[in-house]
Structure formats: C-alpha cells, structure tokens
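Undergrad: Starting from the structure of chain A, add chains B and C where the hints point.
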Amino acid sequence: MKIGVFVCHCGSNIEATVDTAAVAAAARQFPGVAFATDTMYTCSEPGQDEIVAAIKEHNLGGVVVASCTPRMHEQTFRRTVERAGLNRYLFEMANIREHVSWIGKDREANTNKSIDLVRMATEKLTHNRPLYSKKFDINKRVLVIGGGVAGIQAALDCADGGLEVVMVEKTSTIGGKMAKLDKTFPTVDCSSCILGPRMVDVAQHPNITLYAYSEIEEINGYVGNFEIKVKKKATYVDWDLCTGCGICMEKCPSKKATDFFNEGIGKTTAINIPFPQAIPKKAKIDPAFCTKLTKGKCGVCAKVCPSGCINYEMQDEFITEKVGAIVTATGFDLFDWSVYGEYGGGRYPDVITGLQYERMLSASGPTGGHIKRPSDGKEPKNIVFIQCVGSRDKSVGRPYCTGFCCMYTAKQAILTKDHLPESQSYVFYMDIRAIGKLYDEFTRRAMEEYDTKYIRGRVSMIYPKGDKLLVRGADTLMGSQVEVDADLVVLAVGAEAAAGASKLAEKLRISYDTYGFYMEGHPKLKPVETNTAGVYLAGACQGPKDIPSSVAQGSAAAAKVLGLFSKDQLESDPQVSIVDIKRCIGCGKCIKTCPYGAIKETELRGMVKADVIETICQGCGICTSTCPQGAVQLQHFTDNQILSEVNALCQF
Amino acid sequence: MNTSLNYAYYPGCSSTGTSIEYDMSSRAVCAALDIQLNDVPDWSCCGSTPAHTVDHTLSSALSARNLDQVASMGLDSCITPCPSCLANLKTAKHRMEDAGFRDKVNNLLDKPANTQVGTKSVLQILVEDYGVENIKKKVVKPLTGRAVGAYYGCILNRPAELMQFDDREHPMAMDNIMEALGATVVAFPLKVECCGASFGIPRKDLVMRLSGKLLDTAKGIGAMALVTACPLCQMNLDMRQAQVNNANDSHHDMPIFYFTQLMGLALGLTEKELGIDKLCVSPRTVLDAMASEQSVKERAA
Amino acid sequence: MPVLEGTELRIVGFLCNWCSYGGADTAGVGRFKQPTDLRIIRVPCSGRIDPLFIVKAMMNGADGVLVSGCHPRDCHYSEGNFYARRRLEIIEKFLPILGYEPERFAYTWVSASEGQRWQEVVTSFTDQIHKLGPAPKILGPQASDTLSVMEAAL
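Chains as they are written, first to last, in the numbering used here: chain A, 1 to 652; chain B, 1 to 301; chain C, 1 to 154.
Hints were generated in silico from the structure; no laboratory data involved. Careful: at least some of the hints might be erroneous.
[As the list claims (entries may be wrong)] Chain A residues, not near chain B, derived (Cβ > 10 Å throughout):
no.	residue
1	GLY341
2	GLY345
3	LYS381
4	LYS524
5	ASP639
[Unchecked claim] Mimicking BS3-like on lysine-lysine, the simulated pairs with C-alpha atoms at most 25 Å apart in a straight line are:
no.	chain 1	residue 1	chain 2	residue 2
6	C	LYS137	C	LYS93
7	A	LYS589	C	LYS93
8	A	LYS465	B	LYS219
All C-beta atoms in this analysis are idealised placements derived from N, C-alpha and C, irrespective of residue type, glycine included.
Chain A on its own, in the form it takes in the complex:
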C-alpha cells in the first residue's frame, strides 16, 4: 500500500509546539509512505483538496492525517478519501493536537511524540482492509423521555412531522418546571397560557402516546431498533375510567399529603390531581399518605367516585415499546440549599426558594396568587432575594452558573411590586447575567421602574429578630455592611441534574459530566446528539437552560430525529466482528459475552459455529478478546491491527 501522510499545523494550535515539517520528513522514511507533507489547515477545503489531489497524483492506497482528535474529524476525512475513490476505512488519524501540542510546550519532545503517533497510524493503516456498510430496516417511532417544555416541543415537532411518538413522564402530569411558573421573563406573560395549549396538543395529537406517572425500566437495542420497557407506576385509579371530576379530592379525609407540585407550599390530599390544567387530568393516590393503603381503613374515594375507577389493588404495570430513536428531556432539579447554614439551613419557614415563590405568585397556586409569609400568613413588606444559591459556589460543589436565576429574580421582583405596591424588594447579586434578547433591558426595568434595590454582594447571615428576619450582607460596591429587616427571603436556588439522571444515563449508555448533566456529542457542533447513535438531548438535562433555549433544543432534537428517519434504511457501521469459520471451534463463549445478543449459533456441515448478525453488532470487540481461538475478529480493530500499533511503538 502506498501511503500519504498529512501533518496539520491547525494554524498555530499544533505548529506552535510541534515541528510539523520535521514530522512529515520523518514520515517519508517510514516503510510504505510514498508522500508526506505538512499543511496549514487540513480540514479546510484546500486542505481536503490537497489530500484528494495527492491520492490521485501519487496513486495512494491509504491516508494518514496527523491533526486533532479522531472524535472531531475522522468522519470528515473519511469522506475526503472516499471522494478520491478510496474506501473510507483506508484512513487513519494521529491525534497530535489534544494528545500532544495542547498538553505540553516542549517542542522537541512533542515533535518526537508526534512522529511516534504517525508511525503507529501508518503501521495500523497497512493492516487496514476496505469495509462496506450494510443496510438495515428501522422503526420510525421516537421515544421522548420527559414531558417538560423541551420534551413537549420535541414530541410535537416529531408528531407533526408524521412520526409516531411515545412520551414517558415520571410525574402524573406533563408540563415540567414551566407548568409551575407563574409568569415568564422577559415578557411577563402567563406561563400556563403559553404552555397549556401545547400540553393539550400532546394529549390530543393522534401520533402521540403518553405514559404519565411512568418511568423507563430498561432500554435495549440500538439506533433504529430500540426496545423500551416502560414501568407504569400504580396510580390506584383506572385512568381509562377517570374523568378528572375531582370529587375524590374534595372528599378525601387525608389532607396532609406533601404537595409536590406546589413545592411543599401548602398540603394536598392523598388522592389528587396536581393542578387544574394537568395533562392527563387524572387522579392518582399517593400511597404514603392514603390511610386505605397504609392502614386499610377509609375507602372514601372509592365510595364517592362516580365512575368507579378506584382500585386499591393496582400493581405497577410493564409495557414494551419499540422505537428507532430516543429524545432525552429529563430536565433539572433544584439544588438542596439546606447546606447553606448561613441562610438558616431550612430552619426558618420564611426563607423559601424561587420556585416556591412562583407557586405563591400563581393564581392557581395554594395561596391563590397572594403573597403570604409561610410562618404567619401575613403579607410581607420587605422582601429580600438572594441570587447564586448553589450557583457559582465552589464551596458547595456547584461552580457553574445556572444562568437563568438573574432573570427570574428580576421577574419576581417586578411581580412582587405588582402584587404588593407598598412592598420593597432587595436583590443581593454577584453579577447580573442577562445575556439574551431583551434580557438586560428587563433587569434594568426591575431596577429603574420597579425600584428594586440591587445590592452587589453576598449574604453572610440570616437570623430571626422578632417576627422578622435580619439579612446581613456585604455591599461590595460601597464597601460596607448592609442589614435588611426582611419579612420574606427568596433564594434563587440554582439548578442541578435531575434526580436519577445518572441512572437513566446508564440505561441509555450516554455519558454525563461531574454534575450529572448529560454530555453532548460535541460542545460546539453536536449540541443535541450524544455519543450513542439514535439518542438525542433536549433541554436542561444537558445543562441548565431557560425556556427559549430548551424549546430551541427540543426542536433541534426533533429535526435530528426527522433527519435520521428520512431514510427507510440506515447504513450499519461495518466496524463489526466477523467469524473465521475455519478457526471457530463452536465453544459459544462469544455468544455468552456479547452484550447485544448479536452472535448466534449456526451449523456448518454438522459442526457448531458462531455467526455475527452484522446489523446488531455494535463493535465493542468483547467477543474478540474472549475468543480462545482468535476466530472472532473486530473489523478495523483486529488483533493484528492493534499489535501493529504496539510493535510500531515498542520495537525501537
């Protein structure tokens, strides 16, 4: 094989600490290398054209590009060599940017290391063989996990595009965090008026199947052909019969149940519909608070229900759905702010979260839209907002900025003045982050038109003084201490990954970062893809996001799914295992270890042999290392290919 080597400068990214010309010169001495050069930007159009020209001019049989990580541009260059008529697998990359030039400044050592990496790639390339994709059928249904605004957007876009959608929502209603908000920034329009109709659309769309109060139990399969096991949690109410009339809620004697929808502001009944606009508008029993289920006494709801839908014997139910793609839109949860001892750590009832405050502001909330202190029900006069609670704070393990708290605090300050014109709001902030259309203007309005006092500094202590809370903090612009007698303190609590996010990630086989947020395929170029084909991300599960960004990402994920399903068949990755029938002794070890069930037993002239189903094989290579005979080989990562790299490195 005649090999061409292209060593990329990547502007100064590589060239600054690697002598690329020397790398190319050294490569020219490697066996099989017919052509080697260094180029400014190999991935640019002229860079790629240079590769195509060289392949033709020098009649090259394979190409090595030494540049960035293959996770970035392997696909790009595979297409390049294909344009020049080569098989796309007759190509190798040497990662001399992320693994060399960016992690050290010693030009001599870097150049030397780059030469090694190019030699390894060249040696491997000589063992590469052309590989060809197969086509396989796909199931054009999509699963959307999470029924918040991002999931709703993705589901509706997919459904409008003609796809069948299965939506799975953990709680008994869709709507997510947005349904809990009173108003949205920067337009201060009513959250439920915007979201409500979209929720109804989900319920009524002929293409959408909604499983509320359900969770993902198991995910099997691969892009185009996933099999999902959904757990429908017992609601103790037959939803086929329930009309959502709410008589059960009126009569239920157990009125001390935790009101999760209202963030614990107020209590609800053991059987409940979370809020009037809930979708589906069906009742469910919270078993922890139902005396019939805990003590066997009561049964009032069953007696009063006009449609006879109460069933205390109900069990969790499992349903299997087959889909071809998955959109994950599991959102976020609030940081547990009780670690902040200086804010009382949860001891003072009049220190509440921003989301609790939203419920208080909401006309359909537990206070009917009246702002009342939880301790004594009085209207507050001085309200202190504290920003960055669990955001930008290394000491509590949350160094990132949640991003939307500055805006919702400004919104809440404005709404506070609307509700209570005599009130005075104070906002303790670190920096105001209002990057968005009309955002900065909005925070300005809060200050200038609504007379909110913005104090730049952190609060060091909150303590009760009489029936008020004394809030003490620093004003870093004035260089002074500030003390405010507050009636109510609202904490702008930051977002963290949803509870259970990492468990779901394991089922989806996608990566997540240190904080539990899901990792996108590429931070710039693949914002909604994951590293698992067919799994996409939407909304705050990927990182804290406000509503417009979540909706945009929901649509983007839907566009990706629609694009994927625009073909009737998908091309399989040919980097799969194949069995050398002559060496296979039919021991069946590979069949046992394959995580996908992609290897089956066949018979050949009376002998048992293994056989790989190419479209199911995902190319992990576990079988290859398991096979005692070396009979199963993972294409493109065969023993010989990997050992050629080892040898290229070690025999010097």
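TA: The following block gives chains B and C in isolation, referenced to the frame of chain A:
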C-alpha cells in the same frame, strides 16, 4: 460508660487569671465524670494574641513547644477549655505539615517539635467522647425552670476545615448538653457572632456595639442567662456588661456562665468548687429560682 | 524514533474510545499539561483489550502500560469494562511471573468529562514508571529468537 478517658490538659493563660472559674469548673466537672486530666508539664503561652497577629512563625513555635510537651507525656490527645488556645494549637499543627514552615519553626526551638498530638476542646470531648446521654445519667440536680441560651463565639468551630467540630453556622453541642441537664434552651440566633473579642482594648466602642447586640438579642428571646465556652466571650459579656449598659443605655442584668459551671451544678458540685462567686454579674436570682423550682419538684415528688 | 534518551521512558496506553480517550481529549482541550512519555492506542472498549496486548508491549520494550476505560456501570457497551476488570486484575498478578514489577502496569477509569483526572492519572503513572526506571529488555544477538520462542509460548 467509658471510664478510661484520659487526656493531657492544657489550661491556657486565661485560666490562671480572668477565667480561673472556667478552669476550676472544667477540672471539677471532669473529675465528677471520672475523666482523667493530666496537666501538661511546664506549659507556656500558646502563641495566641498578640504573637499570632504579628509573627506566624513565633506563634506556631510557642504552640509547637506545648504540643511537644504533650507528646513527651506519652498521651495522644490534648484538651483545652479555651477556644483561642485550641485554634492556635490546631493551626500550628496544620501549618507545620508544610516542610518549609516546619523548618522555620524548629529553628526557633531547642529541638525539633513533635506536633503529631491532636487537640480538642473540653466541650468536644464531653460531647463526642463522653456523650450527652451519659452526661444526662449523671445529673442529680436538674437545671429546671430557667431559660438559657448557648453562645459559642466565632472561633470555637471555625474555620470548619480546621476545627472539625459541630456545625460552623449552627452548632448544637452546648444546646444539647444544657438540654440534657434539664434546662430550657432557647434558640439563640447569634450563636456564632463575634463579641468584639480582643478589640476590648484598642476599640472598646466595637465591643460595646457587638456585645450589646448579643445581650439585646438574648433578652429579646427570653433568655435568663447565657452559657459560653470561651474566656474572651465571657469576659466581654460579663465583666463589661456594666460598660455595655452605660454605652448603650441598656439595663441588662444577665448572668454569663461557663457551660462547665452549670454542668457542675447539675452534677451536684458546690458553687465554691465551680467558682460561681467569680462571676461579675450576680447569678443569684437565676440560681435561686432554679433551686426553688427544684425544691418544688422534689416536694411534689 | 527512540524515546528521548534520558528524559522519556516508553509508556503505552490503551484507552477506550468513549470515555477515557474522550477524557484525554478533554484534558487537551483544557490545556492540562502532562508528561510526554505516554503514547495512546485507541480501542473501542476496554473489553476489547486482550491481556496479551499488555504482555506483548512489555516484551517488546515498553517500560509501563496504562489501561483506562469507562467507570463501572458507565460502559458505552453496558458491560465491557466489567470483563476488562477481571482480565486486568489477573494480568496484574501475572506480570511478576514474567519478571516485571507489577507497578509497571495500572488500570483506571476516567470518564470523558474528567480532563483534570486524566492529567493526574498520566502524571502520577509516569512518575511511578520513572521511579522504577527502564524495564528489563530482551537484548543481544539472540533477542529475536528469544522473542519468537516467547511469542510461541503465549
């Protein structure tokens, strides 16, 4: 019950002067609970005020010498009633984990110091090693009928990374002990506020303001007395209470006990053993009220 | 080209594509400085790593071998790293029989987001190998014969 508690005891300089009653009551309480205290031989200043504000090396050298003395006793832990000493002994040990700093300190000493010994406060070992439940069992005269607030001061448990004791914003050790002794504990919101500390000499006005606020708040929540674990806090609130009243035009008459004094009373020790007579603000009214409450109960029983 | 005489030793890394190779990329993107000794071989999954790769690398002159995969339970292929862990545990015990210090080999788990951790892993493993110095090599005129005998034995 663990009867084998045995510690080196570092009294600190306040114990020989302004807070002699803290030392007396700590020793008496430990004796009553069979906790053995062994005085550190030839102990010296811990290097707290004023050395620690002007020369870290000197300050740590003083602490290191004392820790070395403890090590030579063959004991592995040292306790002290004074939070200021505690902070300095712990800081010295922590700083000397750095080899460069350790060398500088050892240069000042006759011989390199062994600073492996850990230091705890008397309060910490009572709560963690002896146990509140066990204290409760030893109570013979419960402190019924009077509301007390617990005031910890700013350095007893902070910085949290160094002190490794109780909650840095909301400590409960003394509250729990007082409750075990039968007292009614009122939640004192300014538990870890500064009393003005050593500003008593250069900026008395600050002490008047800060200690004044503590006393006002304590009164506001209905505390009849405060308990402290710090000689400096106790001095500012007790000895300077009259000055605070003068400066702020207030009329506080609030006894400020060391928590060990009230413990001693509950364990049946005499006022004399506990140095009750050393307090500036007379605790008579409060103590008499407690005594009468007790006798009422006893009669009822 | 040989390793940089006197400053570098030969360290081979086998990294899974999804987590650890990504983690090494993240370290690069974060410009986390690392020693230059390590050369990385990319494999799809730590479960693809045949213990013989490690033995052959050592036989052929590597001074240290580092393997890194996804954290347990986070494997892109569900369970590949569990298979890897069993094999790697055994190879660790097997190396002294071949005459290599077990410290010349290490395996670890680094996720794609853990750039900082990758820097720490590379730095400490490289230090460890430098403390041990170069590994015993099969040299001399019979080297290639010896190697082929060993090869056959494997």
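Undergrad: Does each hint hold? Answer for all of them.
TA: Here's how the hints hold up against the structure:
Interface exclusion of GLY341(A) from chain B breaks down, the closest Cβ pair being 3 Å apart, not more than 10 Å. In this structure GLY345(A) is not separated from chain B by more than 10 Å, as the shortest Cβ-Cβ distance comes to only about 6 Å. For LYS381(A), the non-interface assignment is confirmed: its Cβ lies about 20 Å from the closest Cβ of chain B, beyond the 10 Å cut-off. Every Cβ of chain B is farther than 10 Å from the Cβ of LYS524(A); the closest lies at roughly 38 Å, confirming the non-interface assignment.
Listed as a non-interface residue, ASP639(A) keeps its Cβ farther than 10 Å from every Cβ of chain B; the least gap is roughly 50 Å. For the given pair, LYS137(C) sits about 20 Å from LYS93(C) by alpha-carbon distance, which is consistent with the 25 Å threshold. For the suggested pair LYS589(A) and LYS93(C), the alpha carbons sit about 24 Å apart, so the restraint of at most 25 Å is met. Simply put, LYS465(A) and LYS219(B) have alpha-carbon atoms about 11 Å apart, close enough for the 25 Å limit, and the pair holds.
Hints 1, 2 from the earlier list are contradicted by this structure; the remaining hints agree with it.
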